[in-house]
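Protein chains: 2
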Amino acid sequence: MAQINDHFLKLQAGYLFPEIGRRVAAYAQAHPQHKIIRMGIGDVTEPLPPAVIQAMHAAVDEMGSRESFRGYGPEQGYEFLRQAIAQHDYAARGCAISADEIFVSDGSKCDCANILDIFGDKVRVAITDPVYPVYIDTNVMAGHTGPIDATGRYADVEYLPVREENNFEVPLPRQPVDLIYLCFPNNPTGMVASRETLTAWVEYAQQTGAVILFDAAYEAYITDPSIPHSIYEIPGADKVAIEFRSFSKTAGFTGTRCAWIVVPQALEGRASNGDAVSLHRLWSRRHSTKFNGVPYIIQKGAEAVYSPEGQAQVRELIAFYLENARLLREGLSQLGWRCFGAVNAPYLWLKTPGQTTSWEFFDQLLSQAHVVGTPGSGFGPAGEGYFRLSAFNSRQNTVEAIARIQDKFRS
Amino acid sequence: MAQINDHFLKLQAGYLFPEIGRRVAAYAQAHPQHKIIRMGIGDVTEPLPPAVIQAMHAAVDEMGSRESFRGYGPEQGYEFLRQAIAQHDYAARGCAISADEIFVSDGSKCDCANILDIFGDKVRVAITDPVYPVYIDTNVMAGHTGPIDATGRYADVEYLPVREENNFEVPLPRQPVDLIYLCFPNNPTGMVASRETLTAWVEYAQQTGAVILFDAAYEAYITDPSIPHSIYEIPGADKVAIEFRSFSKTAGFTGTRCAWIVVPQALEGRASNGDAVSLHRLWSRRHSTKFNGVPYIIQKGAEAVYSPEGQAQVRELIAFYLENARLLREGLSQLGWRCFGAVNAPYLWLKTPGQTTSWEFFDQLLSQAHVVGTPGSGFGPAGEGYFRLSAFNSRQNTVEAIARIQDKFRS
Numbered sequence: 001m002a003q004i005n006d007h008f009l010k011l012q013a014g015y016l017f018p019e020i021g022r023r024v025a026a027y028a029q030a031h032p033q034h035k036i037i038r039m040g041i042g043d044v045t046e047p048l049p050p051a052v053i054q055a056m057h058a059a060v061d062e063m064g065s066r067e068s069f070r071g072y073g074p075e076q077g078y079e080f081l082r083q084a085i086a087q088h089d090y091a092a093r094g095c096a097i098s099a100d101e102i103f104v105s106d107g108s109k110c111d112c113a114n115i116l117d118i119f120g121d122k123v124r125v126a127i128t129d130p131v132y133p134v135y136i137d138t139n140v141m142a143g144h145t146g147p148i149d150a151t152g153r154y155a156d157v158e159y160l161p162v163r164e165e166n167n168f169e170v171p172l173p174r175q176p177v178d179l180i181y182l183c184f185p186n187n188p189t190g191m192v193a194s195r196e197t198l199t200a201w202v203e204y205a206q207q208t209g210a211v212i213l214f215d216a217a218y219e220a221y222i223t224d225p226s227i228p229h230s231i232y233e234i235p236g237a238d239k240v241a242i243e244f245r246s247f248s249k250t251a252g253f254t255g256t257r258c259a260w261i262v263v264p265q266a267l268e269g270r271a272s273n274g275d276a277v278s279l280h281r282l283w284s285r286r287h288s289t290k291f292n293g294v295p296y297i298i299q300k301g302a303e304a305v306y307s308p309e310g311q312a313q314v315r316e317l318i319a320f321y322l323e324n325a326r327l328l329r330e331g332l333s334q335l336g337w338r339c340f341g342a343v344n345a346p347y348l349w350l351k352t353p354g355q356t357t358s359w360e361f362f363d364q365l366l367s368q369a370h371v372v373g374t375p376g377s378g379f380g381p382a383g384e385g386y387f388r389l390s391a392f393n394s395r396q397n398t399v400e401a402i403a404r405i406q407d408k409f410r411s
Numbered sequence: 001m002a003q004i005n006d007h008f009l010k011l012q013a014g015y016l017f018p019e020i021g022r023r024v025a026a027y028a029q030a031h032p033q034h035k036i037i038r039m040g041i042g043d044v045t046e047p048l049p050p051a052v053i054q055a056m057h058a059a060v061d062e063m064g065s066r067e068s069f070r071g072y073g074p075e076q077g078y079e080f081l082r083q084a085i086a087q088h089d090y091a092a093r094g095c096a097i098s099a100d101e102i103f104v105s106d107g108s109k110c111d112c113a114n115i116l117d118i119f120g121d122k123v124r125v126a127i128t129d130p131v132y133p134v135y136i137d138t139n140v141m142a143g144h145t146g147p148i149d150a151t152g153r154y155a156d157v158e159y160l161p162v163r164e165e166n167n168f169e170v171p172l173p174r175q176p177v178d179l180i181y182l183c184f185p186n187n188p189t190g191m192v193a194s195r196e197t198l199t200a201w202v203e204y205a206q207q208t209g210a211v212i213l214f215d216a217a218y219e220a221y222i223t224d225p226s227i228p229h230s231i232y233e234i235p236g237a238d239k240v241a242i243e244f245r246s247f248s249k250t251a252g253f254t255g256t257r258c259a260w261i262v263v264p265q266a267l268e269g270r271a272s273n274g275d276a277v278s279l280h281r282l283w284s285r286r287h288s289t290k291f292n293g294v295p296y297i298i299q300k301g302a303e304a305v306y307s308p309e310g311q312a313q314v315r316e317l318i319a320f321y322l323e324n325a326r327l328l329r330e331g332l333s334q335l336g337w338r339c340f341g342a343v344n345a346p347y348l349w350l351k352t353p354g355q356t357t358s359w360e361f362f363d364q365l366l367s368q369a370h371v372v373g374t375p376g377s378g379f380g381p382a383g384e385g386y387f388r389l390s391a392f393n394s395r396q397n398t399v400e401a402i403a404r405i406q407d408k409f410r411s
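Sequence lines, in order, name chains G and Z.
According to the numbering used here, the residues represented by the first sequence are 1 to 411, in order.
According to the numbering used here, the residues represented by the second sequence are 1 to 411, in order.
I should point out that these hints are in silico values taken from the structure, not numbers from a laboratory.
Any given hint could turn out to be false.
As the list claims (entries may be wrong) - Covered stretches of chain G (in silico footprint by chain Z; criterion: 3 or more residues with CB under 8 Å from a CB of chain Z, positions within the stretch not fixed): (1) 54-63; (2) 110-120; (3) 235-243; (4) 251-265; (5) 287-299; (6) 337-347.
What the hints assert, rightly or not - With a straight-line cut-off of 20 Å between C-alpha atoms, the simulated PhoX-like cross-links for lysine-lysine are: (7) Z:35 <-> G:122; (8) G:122 <-> Z:408; (9) G:10 <-> Z:122.
Claimed, not checked - Label-pair distances were calculated between CB atoms; the ranges are: (10) Z:87 <-> G:206: 52 to 60 Å; (11) Z:155 <-> G:338: 39 to 47 Å; (12) G:18 <-> Z:275: 21 to 29 Å; (13) G:338 <-> Z:22: 36 to 44 Å; (14) G:336 <-> Z:274: 53 to 61 Å; (15) Z:22 <-> G:29: 58 to 66 Å.
Everything numeric in this text was worked out from a predicted model, so none of it was measured.
From the three backbone atoms N, C-alpha and C, an ideal C-beta is built for every residue, glycine too.
Pulled out of the complex, with its shape left as it was, chain G reads as follows (with noise of 0.2 Å):
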């Protein structure tokens, strides 16, 4: 039989998420009389912009006519979308991002995940915890760790343990790694790096020579204006980080798949012979060969979203989740529970109550309120007590489940 990646067998045997699916779908079948309210999973509940809808509309209808029908597209994306993405995300941010170092994907799980394909298989990785899981799962799967430990946590790996008395701010690595996974807005604690701890990251990585795998996914949310969006906002982050960028929580594009990841020109890794070598190059190679772009019809929808319409309604969109966020936060910290995040980010994070864990706190939620969360333990051991609620929802099931939770946990 054909040999297998081992690696694999070392992953837990459950994802996250369907773990949580599992339990919930048990529970309704066991009450099928109850109302849940879904507030795990970090999944957008709001109809696409009507610029996105009108776009995606005409793409089909170009699609159907041989004149104007598109086959194969780049690679790496249509020109129009990535300058559009050039100029609005990082030009009028005063970044020195050009189209060609944007690559136009399907989506960030699967960037963050491809992108180890271009590392060498004993590159040491830091990673915080708690963290989302998809970017330890696929260290484990590329063989970057050992085993896991009875606490969780895989050998070597660099954990970067993000804690309440530290007002979650991430330490620096104890010793040298290749890379490092930054999310900020953070998911799921909800907290934002200032432009000091980004200046910081950047000068470190300068030091040492790790690249920065940075995540803002969740950066439309920030509404702190000295928060910086983009880590190229940081003089000098072109030559240390990658970044990933996503449609999915802007404009609602879960279901519709266009993200893009931005590989600098000037970035560089190191060969085993001590050549250096220019990432993003390996990268185009690999995109390039292992992908073939998002389809036409996602990629008109996605360039709609800057246009001044589009813009207009995606901050509604992100306005409408941030109200939500506001009321949960407020809802929450009325029965004396200790809450963060949910100001530049769509997560409330709680520390549970009293000495319950995550998912004791899961499953009373869950069978007294009817209110789906997320364990923060499924994040890693140091989100264990804590617990993650998404302001992703319509205003009425936000509303309903904070009447609920103040209902039933108000001692």
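Based on these hints, arrange chain Z on the given structure of chain G.
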């Protein structure tokens, strides 16, 4: 600096199609007066079937309304699409492939690259020569090969040379391998595999424990009713084969992006400790961790391919391209050129006239007839002296290309 994947440095500089693009662009710039007919890249030219257009419009509208909006879909693909595939492409042909063995994806290029993730880093692969370049390049990236030699072959790969004197039959490997890539109808030669040939391959895999990676992206072009469309038409294939299928060439989806992979429940690989491991389980974990599903709109478009109207429209589309293929084969045979394929496939594989090399013929065809094709040597050393022409074009262009070639090359 971060350690890179050194294997990338083994890759040849230019991927075939970008190199063709560069030569054509240079010629077009120097000779703007000539209308170039492109028969190089195998890209469809005719619009999407009306049933697909209609379904996508309806799906776009669904995404514009809160009640019918879809966020994250199942990573594996919506049940409605997997059921349609299972019924029409498998049950209807007597193959016991269930919907849960089908994984919807954004392309066969991606799938045949990504599948390597679940296999060990020491697997030995057998690859035909000539071959679709992605098979080999992705194995180079994964470190399954040694360096390239002067003939263009990578060390540690079992090449299966496909030669005219053997009627382009693929020979069995001379030594044991883990993975065998087979593509029927073949790209680039346009040849098909009979039931007897496929049975011999399945038996060989059963005896040796190899896994067959069966690329059937062109199955819709099979005109001979005795030729299997799926490898699962061969008894026992579900224990030895993974199949790649696509809507790209069947329904004109090259710029719309939808495909699928079948990883049967019965298929197993071997861990280093000797345990048999379900490859279905590994792929499921890989797919759900590193991929986030195909856009809902696109899956609804793909589903419409299976409606009665969609089926009729797709049959018409295939017949149209096959008529181009027939005209090409007949027209070029009249020059005394040896022509292959183009009967059960959209590709004509022709022996270049006289002692012309593939790239010499490419340049002759471009400069004299202003027709772009694909040099056979771009698909591997055994493709030297051959040339691929694609039937994906308008009737007018096809007829004109034939006339120009006949005019310029009639000696």
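Counting residues of the stretch 54-63 of chain G whose CB is closer than 8 Å to a CB in chain Z, do you get three or more? holds (count 5)
- With a cut-off of 20 Å on the C-alpha distance, tell me whether residue 35 of chain Z and residue 122 of chain G pass. 51 Å, violated
Report task. Examine the stretch 235-243 of chain G for residues whose CB is less than 8 Å from any CB of chain Z, and state whether their number is three or more. Result -> n = 0 at 8 Å, threshold three: violated.
Checklist entry - Per the hint of 52 to 60 Å, is the separation of the Cβ atoms of residue 87 of chain Z and residue 206 of chain G within bounds? => result About 57 Å separates the Cβ atoms of residue 87 of chain Z and residue 206 of chain G, which means 52 to 60 Å holds.
Tell me if the straight-line CA distance from residue 10 of chain G to residue 122 of chain Z falls inside 20 Å.
18 Å, holds
ask   = If you look at each residue in the stretch 251-265 of chain G, do at least three have a Cβ nearer than 8 Å to any Cβ of chain Z?
value = holds (count 5)
Given the range 58 to 66 Å, decide if the beta-carbon distance of residue 22 of chain Z to residue 29 of chain G lies inside it. Between residue 22 of chain Z and residue 29 of chain G, where Cβ atoms are some 59 Å apart, the hint holds.
Determine whether the Cβ-Cβ distance between residue 338 of chain G and residue 22 of chain Z falls within the hinted range of 36 to 44 Å. Given about 60 Å between the Cβ atoms, the range is violated.
When you take the CB atoms of residue 336 of chain G and residue 274 of chain Z, is the distance between them in 53 to 61 Å?
56 Å, holds
Are there three or more residues in the stretch 110-120 of chain G whose C-beta lies within less than 8 Å of some C-beta in chain Z?
holds (count 7)
query = How about the stretch 287-299 of chain G: do at least three of its residues have a C-beta closer than 8 Å to a C-beta of chain Z?
reply = holds (count 11)
### Message
Is the coverage entry for the stretch 337-347 of chain G by chain Z consistent with the three-residue Cβ rule at 8 Å?
### Response
violated (count 0)
The earlier numbered hints that this structure contradicts are 3, 6, 7, 8, 11, 13.
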